[in-house]
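Trainee: Sequence:
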Amino acid sequence: MSDELQKQVSEGKVSVYGSNDVLTMALGPEHPGRVRGVGAGISPRQYFNLPKPQRVSFDDRLKDSLRVLLQEETKKMEAKAREEA
1433 MSDELQKQVS EGKVSVYGSN DVLTMALGPE HPGRVRGVGA GISPRQYFNL PKPQRVSFDD
1493 RLKDSLRVLL QEETKKMEAK AREEA
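Take the sequence shown: its letters are residues 1433 to 1517, numbered as in the numbering used here.
It is possible that part of the hints are untrue.
Claimed, not checked - For lysine-lysine, the following DSBU-like pairs were computed, each having C-alpha atoms within a straight-line distance of at most 35 Å:
1. K1484 / K1445
2. K1495 / K1439
3. K1512 / K1495
4. K1484 / K1495
5. K1508 / K1495
6. K1495 / K1507
Claimed, not checked - Just the calculated beta-carbon pair ranges, DEER-fashion:
7. P1476 / R1499: 30 to 38 Å
8. E1462 / E1504: 22 to 30 Å
9. D1492 / P1461: 56 to 64 Å
10. G1444 / F1490: 48 to 56 Å
Hints in this document: simulated from the structure, not taken from any laboratory. C-beta atoms are modelled at their ideal positions from N, C-alpha and C, and glycine is treated no differently.
Sequences are here, hints too, so could you generate the full structure?
Mentor: If you want it as structure tokens, here you go:
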């Protein structure tokens, strides 16, 4: 390991676990779909126990945004009503 990498690890700037660890930085990126040193048949998602990405529809994101905006406006109106009372 290079002195620069050792220094970064000791300062806590570099992860020593996960897919972007010191070994990957020293040896370069692994081939897609593989995990270095674990053998065949194990994907990075399985090895690092990563959750499957969730697909969120545009409608769901829009509903969530509108819900947040409505809550904010409701709080503003309630605060204004309390001030006037």
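Trainee: Evaluate each hint against the coordinates.
Mentor: Status of the hints after comparison with the structure:
1. K1484 / K1445: holds, 27 Å
2. K1495 / K1439: violated, 47 Å
3. K1512 / K1495: holds, 26 Å
4. K1484 / K1495: Holds, because 23 Å separates the two Cα atoms, which is no more than 35 Å.
5. K1508 / K1495: OK: K1508 and K1495 at ~20 Å, within 35 Å.
6. K1495 / K1507: OK: K1495 and K1507 at ~18 Å, within 35 Å.
7. P1476 / R1499: 30 to 38 Å: At 35 Å between Cβs, range holds.
8. E1462 / E1504: 22 to 30 Å: The hint (22 to 30 Å, Cβ to Cβ) is violated, given that E1462 and E1504 are roughly 45 Å apart.
9. D1492 / P1461: 56 to 64 Å: Roughly 33 Å apart at Cβ, these two residues miss the hinted range, so it is violated.
10. G1444 / F1490: 48 to 56 Å: At roughly 39 Å between Cβ atoms, F1490 and G1444 fall outside 48 to 56 Å, so the hint is violated.
Of the hints listed earlier, those the structure fails to meet are numbers 2, 8, 9, 10, in rising order.
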